[in-house]
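Q: Chains as they are written, first to last, in UniProt numbering: chain Z, 1 to 210; chain W, 1 to 333.
The set of hints was computed from the structure by calculation and includes no laboratory data.
No residue lacks a Cβ here, since even glycine has one placed at the ideal position from N, Cα and C.
Be aware that a few hints might be false.
Said to hold, decoys possible - Computed Cβ-Cβ distance ranges for the label pairs, DEER-style:
#1 W:Trp331 with Z:Glu28: 55 to 61 Å
#2 W:Glu245 with Z:Val188: 56 to 62 Å
#3 Z:Asp54 with W:Trp323: 47 to 53 Å
#4 Z:Val188 with W:Lys2: 31 to 37 Å
#5 Z:Asp172 with W:Asp44: 54 to 60 Å
#6 W:Glu301 with Z:Ala119: 37 to 43 Å
#7 W:Val317 with Z:Ala119: 39 to 45 Å
#8 Z:Ser51 with W:Glu211: 31 to 37 Å
#9 Z:Arg165 with W:Ala122: 38 to 44 Å
#10 Z:Asp172 with W:Glu211: 22 to 28 Å
#11 Z:Arg165 with W:Thr206: 29 to 35 Å
#12 Z:Ala55 with W:Arg330: 40 to 46 Å
#13 W:Gly201 with Z:Arg165: 28 to 34 Å
#14 Z:Ala119 with W:Gln284: 43 to 49 Å
Stated by the list, open to error - Computed from the model, here is a short list of chain Z residues facing chain W with C-beta under 10 Å:
#15 Ala2
#16 Ala5
#17 Gly7
#18 Ile33
#19 Arg210
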Amino acid sequence: MACDANGTGRAIRAAAAVVAEHRAELVELDRAIGDADHGENLNRGFTAVLSALDAGPPETPAAVLKTVATTLISKVGGAAGPLYGTAFLRASGALGSASEVDIDGLVAALRAGLEGVKARGKAEVGDATMIDALAPAVEAAEAAAKQEGADIAAVLTAAADAADRGYESTVDLVPRKGRASYLGERAVGHADPGARSTALLLRAFAEAAR
Amino acid sequence: MKKIINDPADVVVESLRGLAAAHAGVLRVVEDPALVVRADAPVDGKVSVISGGGSGHEPLHGGFVGPGMLDAAVPGAVFTSPTPDAVQAAVEATTSAAGALLIVKNYTGDVLNFETAAELAAAEGADVRSVVIDDDVAVADSTFTAGRRGVGGTVLLEKIAGAAAERRYSLDAVEAVARRVIGQVRSIGVALTPPTVPHAGEPSFTLADDEIEFGIGIHGEPGRERIPAEPADQLVARMLAAITEDLPFERGDRVLLFTNSMGGTPQVELYLAHGIAERLLAEQGITVARRLVGPYITSLEMQGISLTLLKLDDELVELWDAWVNTPALRWGV
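Make the full structure from the sequences, and use the hints.
A: In structure tokens, the structure reads:
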């Protein structure tokens, strides 16, 4: 099973719905350790993404992701805008001009997205950022892709499961990047909102692929 | 939450419309992307000085747009940095052949978005430089954090860089004076109460009646430590010690002392604190040669103050004293 531009668009729409549904939760997570804007900003970005997709459905999966990237960069602001924008932009680049995403393409896109976020945000696993969800998700996706009979849904489900565990791990971490880093030890006990939104997005993609 | 607003999503743009109405001769406002632009920009032969960041810190930055200070301010959503295309639009609206200097506060989002904007603008052929201000001594300057925040020193930097540009300093020279200010300015803030972000609807943190947050930033993000409330004499001494030990400021130094309200602290307490700071600095042999007192870099309605010291030299004094005509800072006009 592969995923064409329509399928990619559906996955993005599912992600936008999940962001809208969890807007208040993400604001609340961010209020505890940051400045209470993560859910609001991401929801503003994905609402604009829906408008952009409605305005002219892109023809390839890469074009869908590029539309997502440019829209998030120009509508979200904060750190989340450039970081998620870069993730989708690099993922788009990894897909090239293919009309469908297959498992190899999916894994390459996830890896490229992760490398983009690392390059822009200069964070590593353990810093209590979205990397703590995204990095294990990419590793899990790569492992799942090697399993016999694997399909896109199985790969994305493995990624979402790993992202959930990664997100939960941020509760015990001392943040080293972003606004939460100013709290130091005082942030321990609070989950990272960026890791939460990454886990939510991956779960939405996995559900959409079923 | 009680606020004089309509829809939380419209707070920034509705406020900008009011700013434009109140100060039409000095600045104009663009709504999409949101920009505050000096009325007569671009000014030929003058370096454009541009700053920006999340809204909710007024009068920073829109209130400092006008002759002698900023050519443009780029307001983001409340407490959220603006996007790169908005910053790029500010560069395009105000930049002559003399180039532009972007003043960026050291927050992850601001740095990422302004860096991206500078790359975009440079690709279009504009001569754009950036400086990052990081004057908050409450944050350990180590690899374990995102680095020191840009706080009260930003106001002084924008005034001095703006004056240098108004005097037709070259881009190299404006950048050099900005970097000198950044090297010589230090700040610390305290909070008595939290701010409430309109779209969050709840206070950003809670403090007991007898507690204060020491080393607060400008977004309601908690500070260095939570301490019992204490008399102003002790509190101001504690704040000054954090600053003067850091640079260090020493006997014989000539400084600008900036006592800032975080938005909710009334003038009576602000001047009370300023008076104590003047006295304590005099006792240490540090000469307060210039001062600024008022709500200039705020965090919505948060009660609290920040103190900023800038080590002065003759050129910085001259640039500080130079005329300025903006909604929030205006003298010599």
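Q: For a quick check of understanding: which of the numbered hints are violated here, in increasing order?
A: Hints 1, 2, 8, 15, 16, 17, 19 contradicted; others consistent.
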